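Use the sequences and the hints to build the structure in full.
Chains as they are written, first to last, in this note's numbering: chain V, 115 to 563; chain Z, 115 to 563.
Keep in mind that the hints are not guaranteed to be accurate.
The list cannot tell twin chains apart, which means a pair is met if one copy fits it or any two copies do.
[Stated by the list, open to error] Derived lysine-lysine pairs resembling BS3-like cross-links, with alpha carbons at most 30 Å apart:
#1 Lys530 <-> Lys396
#2 Lys397 <-> Lys133
#3 Lys141 <-> Lys396
#4 Lys133 <-> Lys163
#5 Lys337 <-> Lys163
Read the hints as simulated data drawn from the structure, not as lab findings. As the structure is a computational prediction, the values presented were derived from the model and not from experiment.
Protein chains: 2
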Amino acid sequence: MLTINTDTILAQIQAALEKNDVNSALKVLEDLRTPDQAEVFYELEDDEKIALLPHLDPSVSADILEELEDEEVAELVSQLDSDSAVRILDEMDPDEAADFLGDVSREQAENYLAQMENPQEVRPLMIHADDSAGGLMTSEFIALRTRMRAGDAINVLRTYKPDSEEIYYLFVVDSEDVLSGVIGLRDLIISDPDVILGEIMDPQVVSVNAGTDQEECARIIAKYDLLALPVVDSSRRLIGVITVDDVIDVLEEETTEDFQRLGGAEPLDQSYLNTGTWMIAKKRIGWLLLLFLTGSLTGTVMRMFEAELAAVVALAYFIPLLIGTGGNAGSQTTSTIIRALAVGDMDVSDGLVSLWHELRVGLILGLGMSGFAFIRAITWGTTPQLAFAVAFSIIAIVIWANASGAVLPLLAARLKIDPTVVSGPVMSTLVDATGLFIYFTIAKSVIGV
Amino acid sequence: MLTINTDTILAQIQAALEKNDVNSALKVLEDLRTPDQAEVFYELEDDEKIALLPHLDPSVSADILEELEDEEVAELVSQLDSDSAVRILDEMDPDEAADFLGDVSREQAENYLAQMENPQEVRPLMIHADDSAGGLMTSEFIALRTRMRAGDAINVLRTYKPDSEEIYYLFVVDSEDVLSGVIGLRDLIISDPDVILGEIMDPQVVSVNAGTDQEECARIIAKYDLLALPVVDSSRRLIGVITVDDVIDVLEEETTEDFQRLGGAEPLDQSYLNTGTWMIAKKRIGWLLLLFLTGSLTGTVMRMFEAELAAVVALAYFIPLLIGTGGNAGSQTTSTIIRALAVGDMDVSDGLVSLWHELRVGLILGLGMSGFAFIRAITWGTTPQLAFAVAFSIIAIVIWANASGAVLPLLAARLKIDPTVVSGPVMSTLVDATGLFIYFTIAKSVIGV
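Here's what the structure looks like:
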């Protein structure tokens with residue numbers, strides 16, 4: 115493929131900027147394709163970005179900014195003079211411009227809107243949440259009429275020359291703007307020019323409402339292999355279109371958030387290397403502290419069994435191993451269940467099925483591990499009674515961890531909480547205190563201390 | 115949107131099948147759209163699937179099977195008579211048929227190929243790995259010639275009536291079949307019919323080789339917002355096309371695998387509820403056992419400090435809490451770094467940057483946690499010395515966990531190992547033994563036992 119060497123190009127631009135030769139720097143950047151421009155631009159220092167932005171063609175600036183993250187765009191544009199900012203906003207896709215205007219103060223947004231050429235394209239998009247269909251859709255689309263002839267429709271396309279991403283699915287509306295069907299560009303072309311669209315369109319068109327969550331939109335596009343998904347208002351009037359490239363970005367973004375939540379942290383708003391130390395710490399401290407406080411239950415449990423611990427210090431040797439194994443088993447279960455929920459392989463109503471599934475898996479894993487645990491304990495020179503207690507404990511703890519891992523994400527989902535909150539760290543922490551209780555109780559009755 | 119009630123439709127089909135009324139069952143299924151057919155079919159019992167498959171129109175069967183998972187398709191088709199199987203295979207997309215034939219025995223595959231109508235479309239695809247561009251691409255595509263006129267190209271499309279997913283990007287090859295450019299259907303339509311394609315095509319076409327990893331293909335399609343990506347051989351001859359809908363499936367599949375690996379388990383080959391107890395246990399036991407064996411180092415560390423533990427039993431109370439917090443901090447870090455690597459926000463060369471980042475984040479988090487740890491220890495009635503030891507330990511352990519979490523995924527990537535192996539459970543286990551060592555060493559010097 116035709117790849118570019120980002121580092122070489124970056125060096126060229128930075129060398130030119132150091133000599134205050136903005137024009138040469140612009141030339142290098144403008145010769146690239148848009149995604150590459152964005153990639154190179156992203157790597158520049160903030161002051162270099164600000165030096166280039168007002169001198170780029172506003173449409174190029176708009177294309178580049180659309181590829182960057184919302185927070186960064188807001189920060190960059192706020193440093194431009196109002197004139198340059200407005201010229202760039204005019205060139206942005208309405209949905210991207212609306213996203214940006216939602217990220218700055220209300221007065222600032224109104225100030226920009228007052229100077230923009232077509233504020234009426236952007237304003238209606240600003241009422242929708244960023245992560246809803248309304249926030250994701252563009253209002254730049256072509257709607258054809260049911261009574262239009264195929265040949266005339268092609269002429270409309272020739273006249274308006276819409277962007278390529280808007281043309282492959284042509285949505286057809288009736289005289290009330292109600293979404294009535296869809297026709298692929300291919301079908302339009304191979305049709306008799308005199309036939310009316312109402313006859314050749316597919317009336318079974320899948321659509322969403324402006325309030326539909328963006329993940330749900332992504333799932334629908336993936337399921338039906340769509341290139342575009344129409345968005346309708348409560349009267350089924352067509353108000354926007356979501357394209358497949360936006361959905362791929364949504365999938366990537368949601369996966370990134372899920373990864374961070376599964377690791378037991380709040381998702382970062384920007385890319386990792388661009389996020390400051392304090393912000394990262396802020397996104398992590400909450401969970402870390404909550405888990406610490408929950409985890410301090412382990413101390414309470416251990417003090418309940420103070421006498422046994424003092425009598426048999428060897429009991430302590432197995433603590434990290436047993437609760438660690440429980441945490442691992444719980445983490446294995448919960449990450450599988452969370453994903454099965456996310457891709458629709460199962461739903462909340464499958465709770466009993468998955469619980470039964472995991473109880474059996476836990477029994478198999480626990481039995482398997484107990485053999486190793488017994489041998490490990492014996493080779494450490496512990497008494498057979500303690501070795502038996504450890505082996506029994508691992509069976510009970512793994513079953514318990516698997517059962518909790520199966521139930522908790524579903525419980526979260528039922529309570530309308532994102533199931534990814536039941537992360538590995540949450541599972542480990544929950545199994546820590548309960549696992550200790552199981553271990554000491556079993557040890558007490560087996561050893562009889 | 116027009117949704118279907120899967121449960122109602124499933125009940126209708128199952129009721130019909132119970133009365134041996136295969137035709138009514140077929141009728142219900144055939145009235146649905148393909149993705150819905152697949153969804154309903156997926157929920158049927160195995161014997162019900164086998165009862166329906168041979169009676170469905172082979173093209174409907176093919177469409178449904180293409181939506182199911184490879185392993186399930188292989189199992190279902192192997193239960194059909196050879197004739198029905200071959201008729202369905204003939205109707206499948208060549209890339210899906212090749213995937214299927216790669217999942218059955220070599221003799222079985224040759225047997226099917228011998229009876230198929232167009233084995234030459236499928237056979238070349240079988241040499242590519244399932245997870246490479248070659249395995250993902252379809253060989254059903256239309257290549258136009260550079261010297262062809264726009265008007266003639268449209269006539270070619272009218273004649274061949276290609277599937278909609280093959281038509282939106284038209285790839286242009288020279289007389290040697292070398293990929294020379296791409297032209298969107300939109301640009302073709304709005305062009306003067308007499309102009310030759312070589313003049314209106316975009317010669318800057320992004321392509322991949324057959325061996326390119328499917329995740330890389332997905333990244334390229336996402337970056338350049340493509341609807342289709344051409345696959346070329348070593349002489350840049352066009353051999354296939356990957357479409358965006360395949361890539362969405364790849365992204366979903368890879369994310370599912372990542373989730374399971376991050377939870378510390380091998381990915382399942384099928385959906386969760388369809389995977390048997392033994393198979394789930396098998397996918398988990400390896401990691402669980404490896405982590406158990408590594409985790410048993412904790413016992414070794416504790417026996418090194420046997421005398422101190424016997425002298426101050428209260429030392430043990432803080433073990434789960436300290437190593438748990440270290441594991442959580444490590445898990446937070448590693449999941450962020452793994453994702454930053456996956457989306458290209460950072461690469462292996464950023465190792466020192468991320469290490470420095472995480473050392474500082476670890477210091478902030480450690481200092482923050484140490485206050486709480488001190489108070490918690492004091493309120494449990496431990497001595498001020500032990501409370502200080504716990505507070506110092508948590509700083510050291512969190513910094514250590516963050517540093518390891520920053521370095522290990524990059525180390526894995528450098529060794530060409532999937533960074534997701536550095537899962538939360540792996541981090542917790544590694545921090546367990548080392549964290550204990552840090553804790554006991556600090557405690558020994560502070561308390562002076």
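Now for the hints, and whether the structure bears them out:
In this assembly of identical chains, Lys530 and Lys396 lie within 30 Å of each other by CA distance solely inside one copy; the values are 25 Å within and 32 Å between copies. Taking the shortest Cα distances, Lys397 and Lys133 never come within 30 Å of each other, neither inside one copy (40 Å) nor across copies (59 Å). In this assembly of identical chains, the alpha carbons of Lys141 and Lys396 never lie at most 30 Å apart, being 41 Å within a copy and 58 Å across copies at closest. In this homomeric assembly, Lys133 and Lys163 come within 30 Å of each other (Cα to Cα) only inside a single copy, at 15 Å, whereas the closest approach across copies is 71 Å.
Taking the closest pair of Cα atoms, Lys337 and Lys163 come within 30 Å of each other only across two copies (21 Å); inside a single copy the shortest separation is 40 Å, beyond that limit.
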